[in-house]
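Chemist: Here are the chains, one letter per residue:
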Amino acid sequence: MSRFNLALRLLWRDSRSGELTILIIALIIAVTSSTAIAIFSDRLQRTMSNQSAEFLAADLVISSPAPISTDWLTKAKQLNLAQASTAEFSSVLIEHDELLLAGIKAVSAYYPLRGFLKTTKEDYLTETITNGGPEQGTVWLEKRILSALKLKLGDPLTVGEKQLTITRIITYEPDKKGDFYSFSPRVMINLTDLQATGIIQPGSQVRYFFQFSGEVPALTEFKQWVKPQLNPSQRTLDIHEDRPELGSALNRADRYLGLSSILVILISGVAIAMATRRYTERHFNATALLRCLGCKQNEILWLYSSQFIVLGIVASALGCLLGWFAQEALFHLLKELLPQQIAKSGLLAISFGFIVGMVTLTGFALPPLLRLKHVSPLRVLRRELEPLPTSAWLIYGFSIGLIGLLIWKYTNDIKMTTAILVVGMLTLLVLGLLIYVLLILARQLLPSMSLPWRFGLQGLLKNSPASISQILAFSITLVAMVISFTVRTDLIDNWQKQLPDNAPNHFALNIFPNQQAAFKQELQEKNINESQFFPVVKGRLVEINNTPVQKFVTKDTQGENATNRELSLTWAKELPEDNKIVAGNWWISQQIGLVSIEKKLADNLKIKLGDLLTFTVGNQQMNATVTSIRELRWDTMKPNFYMVFSPGSLDNYPSTFITSFYLPETQKNILNTLIKKFPATTILEVDLILRQFKKILTQLTQAINYLLYFALMAGFTVLFAAVYATLDNRIYEGALMRTLGAKKSFLRKTHIIEFSALGLISGLLAVAVSEAIIYALYTRVLAIEYQPSLYLWAIIPFIGILFIGIAGCWGVRHILNKSPLLVLRDL
Amino acid sequence: MQTQVNQKSNDIIITEGLGKSVVTSEGILHILASIDLIIKSGESIAIIGESGSGKSTLISLLAGLDTPSYGSITLNGKSLTNMTEDGRATVRNALIGFVFQSFQLLPGLTALENVMLPLELSGDKNARIAATALLHRVGLSHRLSHTSKQLSGGEQQRVALARAFVTKPAILFADEPTGNLDSKTGKTIIDLLFELNLENKTTLILVTHDHNLASLCDRTIQLNAGLIV
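From first to last, the protein sequence lines are chains A and B. The working numbering numbers the first residue of the first sequence as 1 and each following residue consecutively. The working numbering numbers the first residue of the second sequence as 1001 and each following residue consecutively.
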C-alpha cells in the first residue's frame, strides 16, 4: 500500500460512509452546469459563426439591398468563379383563411454553391440531400407552414400573385441566419418565379445575396476588386472575415446562461467549502495520529489533496457526462430558435467543464483543507487541541479570484467583470447583513416563545454564518427565477395593456406610390381607420458634419443599431401626431434638405441643431441639416421615424408608403382581400409578431431558468452541507433531549419550525429583492408600469417553506431514529 | 527496520531543566518544572501521578509531540529542543512507537493496513511481510483483513501494539494502555507489551495510574504538580 494507495483507501472509506456525498454532488452540479453551458456556447458559436463555406453556402457572398452591377458578375465570370444568388424578404401567406408571416427565399440555379439542402417528402426518415433549390413553379417549405396553413404536399400555395406547387419539406438550409427574420418559417422558391410574384418592386424591403465560389486566388482578386466599389449598404461575407454574427438575442442569452452557470458554481462552491470544513474537522484525529507516526506537514497535505484530486477527477468526469446530456436538453428547449443542424462541440469545450470542476474544488476546498496541515500531533493526547482556522483572506481571496476569472471568461471585459464582482460582493454583503439583523431580531423574540418554537429557531440562530449562507443561496436563486419569469410575462402583458383600445394592430409596408390611393380607398370602403400614410425611403446615415458616423458610435447602443442598418427615412409637411419638438423649430418654408431627428438617437450620436448629416440612398449621397429634435412615443403602434425630412428632400429616390390600422379579430378576413389585391404589400400582424416574440422570449427564459434549476439544486446542497456540519451536535442534543423525556414528535416539530423558518426568510427576502430589482428595471430601463405582485409575496415564501422545510427535515431524519442510549454511549 | 541506538552512550533520553508553562489570565501556570531525567536504553520506566500532575505533558515533550518552554531534551544523542515540527516527525518515525489508551487505529483501514502504515510512511518496501509477522506474533493472524469496527477492544489494542513495535522503535511510549479494557484483557495486553519489549530491547515509557502495573517496570517516576517527587 503506497501513500497514494493509502489516500485512495481513505477516500474510499470516506465516500462509502457518506462523508463526501454532499461535496461530490455539489461538484457534479457545478461541473454539469458549466459543461452544459460551455458545450452549448461552443456549439452555438461553431454553428453560427463556423468558418466553413457551407455556412455561407458559398466562399464569398455580397449582401446588398438591391441587385448588384452586372459588371461585377462579369468580372466574377472572367475569374472563373461559380455564381448563384438568393433574395430574401418577408411576406404574408394566406391559405384556407389562415395567415402566416413567412421568410421567403428565392434561389437561383446552382444554389447552394457550398453545402447542401436537406429535404423530405413526408417524414424525417426519408430525408434526402439535394444540391439545388426548387424547380420553377414549385415551392419548398418548412413543415410548420403546412400545419399553420392547413396544407399538404402537392397543394398549391400562392406567394404574392404566383401560384406554386408544394413539392418538398425543407429540413436543413445551410445559410440560415440567426437574426429575427430567420425565425419566421422558411418558404423557398425558384428565383425565376420571383418576378411573377409581383412582390419585388422598387423600394421593397428585400435583401439580395450574391454568392461566389472558386479558387482562393481568384476569390481574393475578386474581393479586392469589388470591395472599394461597395456602397455603405452592401457588405461582403467570407469565410475568413466578416463572419456572420450571432443573433443578438441568442448572443445575450448565451451571456446570461454563462453568468447563471457562475451562480451555480458559486452556490455549489459554498456547499463544497462547508462540506470540506466538516470533512476537515472530522479528520483532525486521524491526522494527529499520522503526524504522531511521523508524517510531515507536506505529506499530510499531499495525502488529503491527492484524495481530493481523485475525487475531483471522478466527480468532474461524471459532471461532464451529465453536462453533455444537459446541453442536449438545452438545445431541445431552444430548437425553434436555432438552426436545425448544430455543429459538434470541440474538445476544449468539453474539457472546460472538467477544468472548472478541478478549479472550483481547489478554490473552495483547498483553503479549509489546508487546516489539516496544521493539526498538532499532540492532539493524540489532548483532543481539545484544534488547529488555527485558515486565513479568511485566503478562503475568500481564492474563491473571489476564481469567480472573477469565470465572469471574465463569459464577458471578456475586465471592466464589466470588476463591476459584476464589486456589485455582487456588495449585494451579498448587504443581504448578509440584512439577514443577520433579521436573525438578531428573531433572537429577541425567543424568550416569549413556546418550547418547540424556541428550540426550532435556536437551530437557525446558533450557527448564524451557516444560516446566512443557506438563506443567501436560496434567495439569490429564487430572485433570479422570479425576475426572469416576471419580466417575461410583464414585458408582453404590459405592452399589450398600455395600448389604447383600437390602437392600430396591423402595419402595411411596401405600398407603392401608384397603389397608395387605391389602398387608402380600400380601407375606407371597409370602414377601417388608418393612421397617416408616410412615404419611406431606405437610407443609411454615414456622416455627421463630414465625420464618419462610426466615430460617434458606442457599442450596444441605439446609435450603433441605427447606424448599422438602413433607416426608414420619411418626409412630412406637418409634425406627425404624438411627436413633440424639444429643440429647434418645425419647418414652415418649403426649403429642402432639412431634417428633424428623434431625441434619444440625437443624444446618443451627440447630434445638435445645425449639424450636417450625410445619408446614402442606394448609390447616391445626400445631405441634410438638423433643424429640430423630436420626442416621440414608440409604443403608439403608428409609424414612427428617427429621421423626418422637409418635403421635397427625398423626391429623387424611389419610395413606398407605410401605414398602420386597427382591425378587430372578427374582421381578419379583410386581410385576405387586401393581400390578394395588393400582393406586393407586406402586412404585419402585430399580434402575430407579439406571439412570435413571446415565444422567443419564453424559450430564452426557459433556457435561463433551466440553468437556475441547477442553482436551486446547488442551494439544496448548501442546505444539506449545513445540516451535516451540525449533525453530530444535533444527534447529541436530540439524544439528550430524548433522555430527558422529549418525544419524537417534539423533535420533529422543532425541525419543521427550524427549516420552515429558513424557507420563509429565504422566500420573503427573495420577493423583496426581486420587487426592488423589478421596480428599478421597469421604471429606469424598460419604461413599463410597475405594479407590486402581491401573489409573489404569498407564493414564493410558501414554496420556500414547503421545499426547504421538507428537504431540511429529510436531512435530519436520522436524529429521530437514533437510540439515545447508543448515542450517549458512543460519546 | 532496526533503529541505530547511539553507541557512544547508553543514555537514550536526557532532559535538563525541562519545563512547560502557559500564560493564563491569572499569570504564568507551570505545568511541568525543572525535570532532569536520564533514561537508559532498554530501561522500562513508569510515570505515575494524579490527574493534572503533568504526566501527559511530560511524555508529549519526551516524544517530541510538543515543545518545552525551557530546558532541553536529547533523544538518542539528538537534541529535540531546536528541531522543527517536521524534524521531530522524522525522529518520531525513526525512533518512537506509541500505544494509546483509546487504541487510535485508523477506522477505514484493516488491521494489516494499520500495522503497515508507519513502515510505509518511512518507505519500507517489506511493510506487508513485517506487519503480517507481527500480527501473527500478537495472535491476530486470522484478523488481518478486519477493520477496527470488526475487532474487540482487546484485539484493537493488540493491533496497536503490533503497529507500535513493527518499526522496532528504540523507545515506546504507552499512555494508559489498559485504561479502556477490562482487567482480564488488560492483563493479557500488558503481558504482551512486556514480552515484545523484552524481545525488541525497547526502552519503555509507560504512563499509568496503576501502581501494580508500574511495579512491573525497572523504575518509577512519580509526578506531583509538575515536579518529580
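Since the hints were derived computationally from the structure, they do not count as laboratory data. One or more hints might be untrue.
[Unchecked claim] Chain A side only, calculated, beta carbon under 8 Å to chain B, not exhaustive:
| id | residue |
| --- | --- |
| 1 | F4 |
| 2 | L6 |
| 3 | R291 |
| 4 | G294 |
| 5 | K296 |
| 6 | Q297 |
| 7 | L381 |
[To be verified] Only pairs whose alpha carbons sit at most 16 Å apart, straight line, appear in this in silico EDC-like list of lysine to aspartate or glutamate:
| id | chain 1 | residue 1 | chain 2 | residue 2 |
| --- | --- | --- | --- | --- |
| 8 | A | K676 | A | E281 |
| 9 | A | K296 | B | D1086 |
| 10 | A | K676 | A | E161 |
| 11 | B | K1184 | B | E1155 |
| 12 | A | K373 | B | E1085 |
| 13 | B | K1149 | A | D14 |
| 14 | A | K296 | B | E1120 |
| 15 | A | K373 | B | E1155 |
| 16 | A | K668 | A | E95 |
| 17 | A | K162 | A | E95 |
| 18 | A | K150 | A | D193 |
| 19 | B | K1201 | B | E1043 |
| 20 | A | K296 | B | E1085 |
Only a predicted model underlies this, so the values are computations on that prediction, with no experimental measurement involved. Glycine included, C-beta positions come from ideal geometry on N, C-alpha and C.
Chemist: Is the interface hint for F4 of chain A satisfied, with its Cβ closer than 8 Å to some Cβ of chain B?
Modeler: Hint violated; F4 of chain A Cβ to chain B Cβ min 11 Å, cut 8 Å.
Chemist: Could you grab the alpha-carbon distance between K296 of chain A and D1086 of chain B and see if it respects the 16 Å cut-off?
Modeler: 5 Å, holds
Chemist: Please check whether G294 of chain A passes as an interface residue: C-beta within 8 Å of a C-beta belonging to chain B.
Modeler: 2 Å, holds
Chemist: Are the Cα atoms of K296 of chain A and E1085 of chain B separated by 16 Å or less?
Modeler: Within the cut-off at roughly 8 Å; holds.
Chemist: Between K668 of chain A and E95 of chain A, is the straight-line Cα distance small enough, at 16 Å or below?
Modeler: 13 Å, holds
Chemist: Holds or violated: is the Cβ of L381 of chain A closer than 8 Å to a Cβ in chain B?
Modeler: 5 Å, holds
Chemist: Closer than 8 Å between Cβ atoms is the bar; does Q297 of chain A clear it against chain B? Give me holds or violated.
Modeler: 6 Å, holds
Chemist: Is K162 of chain A close enough to E95 of chain A, meaning Cα to Cα at most 16 Å?
Modeler: Holds. K162 of chain A to E95 of chain A sits at ~13 Å (cutoff 16 Å).
Chemist: With chain B as the partner, please determine if K296 of chain A meets the hint condition of a C-beta pair closer than 8 Å.
Modeler: The hint holds - K296 of chain A has a Cβ within 8 Å of chain B, the shortest such distance being about 4 Å.
Chemist: Is it true that the CA of K676 of chain A sits at most 16 Å from the CA of E281 of chain A?
Modeler: The hint is violated at about 79 Å.
Chemist: Mind checking the alpha carbons of K1201 of chain B and E1043 of chain B for me, to see if they're no more than 16 Å apart?
Modeler: Status holds; Cα separation ~8 Å.
Chemist: Against the 16 Å threshold, does the CA-CA distance of K1149 of chain B and D14 of chain A hold or violate the hint?
Modeler: 15 Å, holds
The structure fails hints 1, 8, 15 and 18 (numbered hints given earlier, in ascending order).
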